[in-house]
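Enquirer: Okay, here's what each chain looks like letter by letter:
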Amino acid sequence: MFTLLETIIGFTVVMLLLSFLVKSLTSVVKNHLDYYSGHLESEVRKLVLRMLGTKLEDVEFRSGGKTFRPFDGIDWKRLGEEFLTADNFKALLGPLLTASQLDALKAQVEIHKGKLNYIFARRMKNLSLACGLALCLLVNINAFTIWQTLYEDGQTRAKFAEPDYVAAVLERAGDAEDVDGTEAPAEDDAAGDDGSADQPADGEADGEGSESEAALAKEREMFRKELESFTSDVDFGVGRIYDETVPLGPGGLLNELLGSLLTGVLVSIGAPYWHDLLRTLNRVRSDEPGRRT
Amino acid sequence: MTASTRSRWLIGSSVAAVVVVVLVLAYVLGESRKPGGFGGLQLVYIALGVLIPLFVYVFGVGPLSALDGAPAAEADAVTPESLEPATVAPAVAGAAAEKETAAGAETKS
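If you read the sequences in order, they're chains P and H.
Taking the working numbering, the leading residue of the first sequence gets 1, the next gets one more, and so forth.
Taking the working numbering, the leading residue of the second sequence gets 294, the next gets one more, and so forth.
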């Protein structure tokens, strides 16, 4: 019973470490491709189309003898969710809106804001799944082998299920969540949160292009370090497919493929899930009557 | 069969055909190589390792994610004509005229 519990704890630790890695990779991809500003622009377009029946580029009105195009020159990459407010749209579209449209504006903006957050969060979950699968398949991280090694090898199990090591991993996970919550809200979507606070890190910053380049380089470096750290810590169940000394038959291929697919799906559930599970298991172990000391 | 279902089937069958061709090629290429390099099965694994995440990305995040009800070029697909008449707000000219009428009525009263 105790062996099984320790195996589950060790497995959860490995999955949590792997979740950090996937989160890091997702963050790199997301910030490279900047999905948020595309979604924001798309929702503003739809809102304008719905309210005025015209395309964003065609919106114009005359004020003081001059033609004013309110959406000209907007850099969507510099905007975040805070742009989507009824007051902003009242200021930009005011002269074109009727009284009834002005009344409905707040509700319309809220609908589009909700949709923006929902679609973005969903897309990020899919991105997290794609990154998890890519990482586990290409590095060949096999959940079956990891489980089997932990169950059969007492020394490895003791290393990963050791209370101090578990506490250190839990603390690290807690720190990562704190950082995500305060400094870089854009990064927590990979963990499968609701995404309501998700915006690109550069969305609210007034930084230059070089700053975002530096941030990207830092993220890439962090991912590289985490990958190195993971492969040195977890040296079992990883990369067997590339080992030429291990004969690989059709059964072996199927085992590696299914194992890696399963790992990819499991880690894309997200770090918060594994963190909570590990904390609960750790508590169960410390309450166990026949606990080893 | 709706146009959407037909396009899904079309895309699905094309993707399946491409996958089969790539896997067969990978296997044949791997097996025809001299011993010492990657074997056919290893190349098949690597091909699947690239293709599976790629499909998840393309259909879930990338250009074809709109098929699943998600974003991408959705904004371009929406035109005033594609919106239901009941939900379409009056056009700018109409809106302005309505505003003037309302203002006139208020002045009169």
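Keep in mind the hints are simulated off the structure, nothing from the lab.
Warning: the hint list may mix true and false statements.
Claimed, not checked - In silico lysine to any residue, SDA-like type, Cα no more than 25 Å apart, as pairs:
{"no.": "1", "chain 1": "P", "residue 1": "Lys77", "chain 2": "H", "residue 2": "Gly353"}
{"no.": "2", "chain 1": "P", "residue 1": "Lys77", "chain 2": "H", "residue 2": "Gly355"}
{"no.": "3", "chain 1": "P", "residue 1": "Lys225", "chain 2": "H", "residue 2": "Gly353"}
{"no.": "4", "chain 1": "P", "residue 1": "Lys55", "chain 2": "P", "residue 2": "Tyr118"}
{"no.": "5", "chain 1": "P", "residue 1": "Lys115", "chain 2": "H", "residue 2": "Val351"}
{"no.": "6", "chain 1": "P", "residue 1": "Lys77", "chain 2": "P", "residue 2": "Lys115"}
{"no.": "7", "chain 1": "P", "residue 1": "Lys55", "chain 2": "P", "residue 2": "Val28"}
{"no.": "8", "chain 1": "P", "residue 1": "Lys46", "chain 2": "P", "residue 2": "Lys113"}
{"no.": "9", "chain 1": "P", "residue 1": "Lys115", "chain 2": "H", "residue 2": "Val317"}
{"no.": "10", "chain 1": "P", "residue 1": "Lys225", "chain 2": "H", "residue 2": "Val343"}
{"no.": "11", "chain 1": "P", "residue 1": "Lys159", "chain 2": "P", "residue 2": "Leu266"}
{"no.": "12", "chain 1": "P", "residue 1": "Lys46", "chain 2": "H", "residue 2": "Gly355"}
{"no.": "13", "chain 1": "P", "residue 1": "Lys159", "chain 2": "P", "residue 2": "Glu226"}
Enquirer: Now tell me if each hint is right for this structure.
Expert: Consistency of the hints with the structure:
1. Lys77/P / Gly353/H: holds (22 Å)
2. Lys77/P / Gly355/H: holds (18 Å)
3. Lys225/P / Gly353/H: Not OK: Lys225/P and Gly353/H at ~28 Å, beyond 25 Å, violated.
4. Lys55/P / Tyr118/P: holds (24 Å)
5. Lys115/P / Val351/H: Judged against 25 Å, a Cα distance of about 21 Å means the pair holds.
6. Lys77/P / Lys115/P: Answer holds: Lys77/P to Lys115/P is near 19 Å, not above 25 Å.
7. Lys55/P / Val28/P: violated (33 Å)
8. Lys46/P / Lys113/P: The given pair, whose Cα atoms are some 11 Å apart, holds under the 25 Å limit.
9. Lys115/P / Val317/H: violated (43 Å)
10. Lys225/P / Val343/H: holds (23 Å)
11. Lys159/P / Leu266/P: Holds: Lys159/P and Leu266/P sit about 22 Å apart, inside 25 Å.
12. Lys46/P / Gly355/H: holds (20 Å)
13. Lys159/P / Glu226/P: holds (19 Å)
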